[in-house]
Amino acid sequence: MSGPDSRGYFGDFGGRFVPEVLIAALDELEQAMTAAFADPAFWAEYHAVLRDFVGRPSPIYRCERYAAEVSPVPLVMKREDTNHTGAHKINNTVGQALLARRMGKRRLLAETGAGQHGVATATVGAKFGLTVDVYMGARDIERQALNVEVMRLFGAQVHAVTSGTQTLKDATNEAFRVWAGRVEDTFYVIGSVVGAHPYPFMVRELQKVIGVEARRQTLERYGRLPSDVIACVGGGSNAMGIFSGFVDDREVKLWGVEAGGKGVDGDEHAASLRAGSIGVLHGSRSYLLQSPEGQVRETHSISAGLDYPGVGPEHAFFRESGRARYVDITDAQAVEAFHGFARCEGILPALESAHAIAFARELAAQRGADGLILVNLSGRGDKDIGRC
Amino acid sequence: MLDDAFERARAEKRLAFIPYVMAGDPDVETTEAILLALSDAGADVIELGVPYSDPLADGPTIAAAGQRALRSATDLRGVLALAWRCRERCAPIVLFTYYNPVYQFGVERFAREAAAAGVAGAIVPDVALDESAELRAALQAQGLTMPLLVAPSTPRERAARIVDAATGFVYVVSRLGVTGTGHAPDFAPLRVQLASLRELTNKPLAVGFGLSRPQDVRDVGTLADGVVVGSALIDAYAGARGQEAGTRVRDFVAPLIAALPAS
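These protein sequence lines are chains A and B, in that order. The first sequence begins at 1 in my numbering and counts up one residue at a time. The second sequence begins at 389 in my numbering and counts up one residue at a time.
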């Protein structure tokens with residue numbers, strides 16, 4: 001699996017579209033990241049923290065009952081929901097916090113939508129003794145009160161963003177602005193494979209552990225690779241993480257599931273790759289939901305973690321090259337999967353992950369007996385109780 | 389056009405005054421009145437903001453002005469039409485636009501229609517040197533300028549390449565952060581930066597970000613060739629429409645222009 005070119009492009013997608021004030025900081029980050037990624041000591045510490053603090057490797061688990069009535073095909077979950085803090089987000093924040101420490105930056109800055117990335121950043125801030133400021137849309141703060149409380153318990157300052165749509169898009173704008181004012185002492189911890197180069201690459205490398213583990217575990221348990229790998233896609237970090245383990249196995253089909261909201265034919269969805277067009281947002285060229293005049297549109301998804309108008313540039317590249325295919329699942333289908341999966345398996349999936357689970361059920365019905373479907377169960381659903 | 393504007397200011401032994409106004413805030417008729425008032429008051433160049441939903445380089449004042457402009461359905465086509473209407477009664481206009489509206493419009497088409505509308509160039513704050521080649525070439529082919537920004541965080545070697553590629557003028561960002569009146573720059577390091585840039589180029593140096601009061605304009609000193617005032621000017625006309633906005637802007641800029649350092 002290859003990285004982007006020297007300017008941060010995956011094919012036509014990526015790059016570095018940010019104000020000049022941030023360029024030196026991105027250069028500094030890229031140099032530090034390159035040095036760290038080439039240093040076995042960095043990875044040794046990263047994997048030790050993932051083992052002892054996060055609880056990796058996360059298991060894979062074959063569903064016993066869910067979708068059994070539609071297909072005999074094994075449906076296997078990669079259990080990122082078992083991670084400390086309950087989602088894949090922590091893999092990335094551990095890596096970025098270690099990098100921040102190497103760079104001598106004492107202050108972490110993060111944007112968050114549902115609050116999962118904010119919690120994961122606050123967690124590593126507490127663990128490594130770094131100051132954390134989290135920017136979160138005022139509307140999301142209301143919708144995700146529990147996560148806000150957790151961040152505060154870990155000592156993070158949570159700042160309400162009242163501009164624009166008051167959700168993740170605007171929280172990200174604000175994080176970039178705050179970073180522009182404090183580039184010297186502050187490390188911006190981006191939560192997905194989005195943003196200006198080197199973030200999409202760096203976050204992918206820090207989430208790759210999901211796919212590397214899952215590939216090994218699937219081979220050990222079943223003696224073969226999966227026929228299909230499925231993950232939900234908002235910005236796309238859990239998907240890029242699990243895809244990374246399989247991208248060079250050309251026979252393994254990769255599926256990204258976007259938030260279809262109330263249907264991609266209308267305006268109320270967050271399916272950038274399915275229904276968007278090419279543009280520039282938050283520092284990179286990729287697909288996004290926008291007006292013909294280039295104004296970024298409001299999005300909708302029942303799942304706050306997918307409610308984002310952009311998507312990581314490497315996903316745009318995979319879409320163009322055909323290496324991965326992108327589909328969508330509506331709010332109603334995701335909610336049905338959330339309830340159905342909970343009742344059949346005794347696991348409460350995050351609403352985000354429920355999108356992937358719903359699509360897995362559809363795909364299972366089409367696969368022959370030699371199929372083996374691997375789903376990234378990217379997070380647990382406690383945060384969604386009472387919301388659907 | 390821009391060379392003449394800076395030349396005129398130099399001949400009058402003062403810095404050039406470059407106000408920023410958001411097109412369509414709250415409607416294009418008001419912006420037209422403001423453009424004419426600024427020109428009458430003595431603006432040398434005007435930065436005309438194109439509204440955008442996600443302005444990363446702007447603080448709350450300009451971001452909110454952009455939201456108001458979007459509510460009145462102002463788009464790039466409307467901004468170019470406004471520039472064309474004002475072209476003979478107005479100081480030279482440089483568009484200030486984020487990249488995505490330009491990208492959707494089409495880079496070549498943008499350059500062509502901007503030239504046809506009579507504007508002098510475009511500042512695109514999220515297109516730094518590294519991504520600027522295509523846009524610069526397209527603008528240059530139409531005889532338009534593309535000023536580039538230099539920030540306090542820009543290393544000297546990079547600044548040298550930026551001033552080399554910039555056309556029209558070099559936009560010197562006075563301090564870290566985004567646009568807005570919240571905190572004024574620290575003028576001592578700014579003057580060191582200006583002296584350093586002066587060694588690298590003869591192109592005009594225009595200082596912006598955080599300048600709002602006559603004292604700020606004075607404190608920029610004579611190493612620069614121009615000053616940009618944006619957020620404070622928007623605050624001055626916010627809530628007014630039409631001629632009333634023009635009058636407020638005229639009253640606001642008079643003491644700023646009077647405070648321009650003599651070069």
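Among the hints, a few may not be true.
A short list of chain B residues far from chain A (calculated; beta carbon distances all over 12 Å) [what the hints assert, rightly or not]:
(1) Asp442
(2) Arg465
(3) Ala504
(4) Ala505
(5) Asp514
(6) Arg563
(7) Thr567
(8) Arg636
To spell it out: a stretch of chain B is covered by chain A in this simulated footprint if at least three of its residues, at any positions, have a beta carbon under 8 Å from a beta carbon of chain A; those stretches are [what the hints assert, rightly or not]:
(9) 403 to 414
(10) 515 to 522
(11) 576 to 584
(12) 607 to 613
Worth flagging that the hints you see were computed from the coordinates, not collected in a lab. Cβ coordinates follow ideal geometry from the N, Cα and C atoms, glycine included.
To see whether the hints hold, each was checked on the structure:
1. A beta-carbon of chain A is positioned within 12 Å of the beta-carbon of aspartate 442 of chain B; the least distance is around 5 Å.
2. The claim that arginine 465 of chain B lies off the interface is violated: its Cβ sits roughly 8 Å from the closest Cβ of chain A, which falls inside the 12 Å cut-off.
3. Against the 12 Å criterion, alanine 504 of chain B stays outside the reach of chain A, whose nearest CB is about 19 Å from its own CB.
4. No Cβ of chain A comes within 12 Å of the Cβ of alanine 505 of chain B; the nearest lies about 17 Å off, and the non-interface call holds.
5. Not every CB of chain A lies more than 12 Å from the CB of aspartate 514 of chain B, the least distance being 5 Å, so the non-interface label is violated.
6. With a cut of 12 Å on Cβ distances, arginine 563 of chain B falls inside the contact zone with chain A, its closest approach being about 8 Å.
7. Once the 12 Å rule is applied to beta carbons, threonine 567 of chain B is inconsistent with being away from chain A; the minimum gap is 10 Å.
8. With a cut of 12 Å on Cβ distances, arginine 636 of chain B stays outside the contact zone with chain A, its closest approach being about 25 Å.
9. Under the rule that three or more residues need a Cβ within less than 8 Å of chain A, the assignment of the stretch 403 to 414 of chain B is violated, with 0 such residues.
10. For the stretch 515 to 522 of chain B, the stated coverage by chain A is satisfied: 5 residues place a CB nearer than 8 Å to a CB of that chain, which reaches the threshold of 3.
11. Residues of the stretch 576 to 584 of chain B lying with their CB closer than 8 Å to a CB of chain A number 0, which falls below the three-residue condition for coverage.
12. Using a Cβ-Cβ cut-off of 8 Å, 0 residues of the stretch 607 to 613 of chain B lie near chain A, which falls short of the minimum of three, so the contact claim is violated.
Hint violations for this structure: numbers 1, 2, 5, 6, 7, 9, 11, 12, all remaining hints satisfied.
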